[in-house]
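Asks: Protein sequence lines correspond, in order, to chains A and B. Our numbering puts the first residue of the first sequence at 1, with every later residue one more than the last. Our numbering puts the first residue of the second sequence at 1, with every later residue one more than the last.
Keep in mind that the hints are not guaranteed to be accurate.
Chain copies aren't distinguished; within one or between two, either way the pair holds.
[To be verified] In silico DSSO-like links for lysine-lysine, alpha-carbon gap of 27 Å or less:
(1) Lys334 x Lys28
(2) Lys73 x Lys224
(3) Lys245 x Lys312
(4) Lys380 x Lys334
The hints are simulated quantities; they were obtained by calculation from the structure and are not laboratory data.
2 protein chains.
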Amino acid sequence: MKTAIITIGDEILIGQIVDTNTAWMAQKLTNAGFDVTEKISIGDNARQIKDTIADVFTRVDVILTTGGIGPTKDDITKKTLCEYYGTELIFDDSVLANIQNVVSTWTALNPLTHDQAYVPKDCTVIQNKVGTAPITWFDRNDKVLVSMPGVPYEMKFNMENEIIPRLQSKYSAEAYVSKVFIVVGYTESALAIHLTDWENNLPEGFGLAYLPSPGVMKLRLFVKGEERRHELEEEIVKLYNLLDKAIVADRDIPLEKILGEHLLSSGLTIGTAESCTGGNIAHLITSIAGSSEYFKGGIVSYSNEVKCNILKVSASNIEKDGAVSCSVVTDMAKGAQKALNVDCAIAVSGIAGPGGGTDEKPVGTVWIATAIGERLVAKKYQMGKNRDMNIIRASNTAMMQLLEMLNE
Amino acid sequence: MKTAIITIGDEILIGQIVDTNTAWMAQKLTNAGFDVTEKISIGDNARQIKDTIADVFTRVDVILTTGGIGPTKDDITKKTLCEYYGTELIFDDSVLANIQNVVSTWTALNPLTHDQAYVPKDCTVIQNKVGTAPITWFDRNDKVLVSMPGVPYEMKFNMENEIIPRLQSKYSAEAYVSKVFIVVGYTESALAIHLTDWENNLPEGFGLAYLPSPGVMKLRLFVKGEERRHELEEEIVKLYNLLDKAIVADRDIPLEKILGEHLLSSGLTIGTAESCTGGNIAHLITSIAGSSEYFKGGIVSYSNEVKCNILKVSASNIEKDGAVSCSVVTDMAKGAQKALNVDCAIAVSGIAGPGGGTDEKPVGTVWIATAIGERLVAKKYQMGKNRDMNIIRASNTAMMQLLEMLNE
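Extracted from the complex, chain A is given alone in its bound form:
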């Protein structure tokens, strides 16, 4: 089933926004059995929107559009779709009710928001449960166009819960059956070598992909067609025989969610002591709903003063070994356990860059200590030169290190 994604909005054409939506959409569509054959970005321009849709429909069966359906003057997609399909806008009370439900808690309904309840007459309206702009689904001669918001979380929520399920049921597309594994304790090349024989003997049509994700090792095993699921299960058994406890999850979920599930089931509490990651690990852990059950708190000890005063890091260790060292990161982990009164601690100290590097400790040097009760592991890692990537990689690596300890 050939599919095109059209993003509508001047802000993308002038480069003010980096489009992360369509990569996400393309991945979900591909997995669901839809071939994305083109992606197009155009402006908030009625003529261009109509011409592009007409042109693209000569090549594909499904068009998904994002953007241009907000309440302001430059949002013209909804009106333009009416022109394209020769219909008109009508007021829909059920959409108004949904909008009122969405906005009621944080703002009063103003005329512009109210008018988002006008929808094209001859289309299926999908209620947007997480935003005020309704989703519209046009089906003519078996060619489908779906118009949705460009706000990433609204788009993602509706793609997953509404649009992809409806597309699958309409086109009975042959989806991939697949499984994602998160593996600890291997580098990518070590894992590739360990799996060589198994990978070479996978049945016809099977694929194994190493999914790029900084600091996390993710594998995806896949094959097209529900009827091959039993073969997939057989290969999964073989993979478990090869990797055993190195597999910490068999779903593509964030590390912080895996960690949370481990902590919940074991009844352990956790706290963090962060220097170069600057609070990102605490942020990731607390991004999971219900994390207050196991996460008690964290210290972002950016300055040495905070390390000594709150985490009781030994000042002589800082002087002797520097703040990025085994002794300091060990003190930080133990200090966090004590100050926060928790069972497990993650401590990170490193040089995120771009400044602060030396010959001995270049940018990207990161020490990570993880502790569970009396057990403690401290390891040194060498990461890259990019500050943002180092923060992400160090955060994930630290959670991986604790997960490995929890699995032992």
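Assemble chain B onto chain A, guided by the hints.
Replies: Frame of chain A; chain B shown alone:
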């Protein structure tokens, strides 16, 4: 001058890669006076490449393509361009010399690299000084197509040093003049209503775009032509009259960067005390290189125990008013100033959701206290129901609240 960007490569269509190139290219082109009217991603498919170019040239004057010109089998752009323009590949000694110059420092020349010196006969070849794939420039009937590598570093170097200067000298294009404003205290639709009269009376050719971002409102005002800069300045004066202190920045930069610049210039230090934002504010502040100059540390006080032990929040205030309250968030801000020994503090306590809400304090209730020395402001906000969005919105709102105090 109408311009299109075409990215060629299967990896973008399956969503394996987030395309950051074209936003960068579009920004540079727009500033240089070229209107990017469409961006298209297609696969490594000769038929699709030729059809797309032919089609797009019916609408634009300039096409820039990236990708598909590497040395491997799936790189078919160069060969396909020869077919499109009815020409053939010939060996170019000057390209070989450039390749040898580029690779000599890091690897030996292999046959695949050597063959990159084959270039289309009837085109202008631009030597790629930072990579082995030459750039080709086709000019037919005043319509230009430039094919360049997709490797970000190579693309950027050649766009800046070769392609944009050549395009500017060929077409004397008129650049946009524009300004981005960051505005606090309005929802998108409330701001639109407030600005309606002014927006309706903007001079011919002016555009106003809303770039929504949770907790932050961004506006972009733009018009084409350097000669209209004085009109732009006049409209900016009117906008300031309408919004006054609600404008906290007139550049499109992250709040944490605006905040960092304020703190650096005033010589003030800062610390954070976070409950529902879980470390995200510390993470945002420390995402800025050089933030260790003003950020000393943060406490993520998720549990009441940590609030009392480290931030010295009054246990009776927690019992009396609850953890999400004016008194507790005030204690947290003062406690952070003391525990972290900082001039300014941001403290946040709220109910991010989905659990934890009550009738009196529903999900989305957030108290924020900001302090500078002895001055302290504590405010209550009602946000939405989505946990991730509440964390982002509360983080931005908290920085906005401190920025407003710093501006006074």
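Asks: Are the hints correct? Go through all of them and say.
Replies: Outcome of the hint check:
For the homomeric pair Lys334 and Lys28, neither the shortest alpha-carbon distance inside one copy (43 Å) nor that between copies (47 Å) is at most 27 Å. For the homomeric pair Lys73 and Lys224, the shortest alpha-carbon distance between copies (20 Å) is at most 27 Å, but the shortest distance inside one copy (43 Å) is not. Neither within a single protomer nor between protomers do Lys245 and Lys312 lie at most 27 Å apart by alpha-carbon distance, with minima of 35 Å and 42 Å respectively. Proximity of Lys380 to Lys334 under the C-alpha cut-off of 27 Å is restricted to the intra-copy arrangement: shortest distance 17 Å within a copy versus 36 Å between copies.
The earlier numbered hints that this structure contradicts are 1 and 3.
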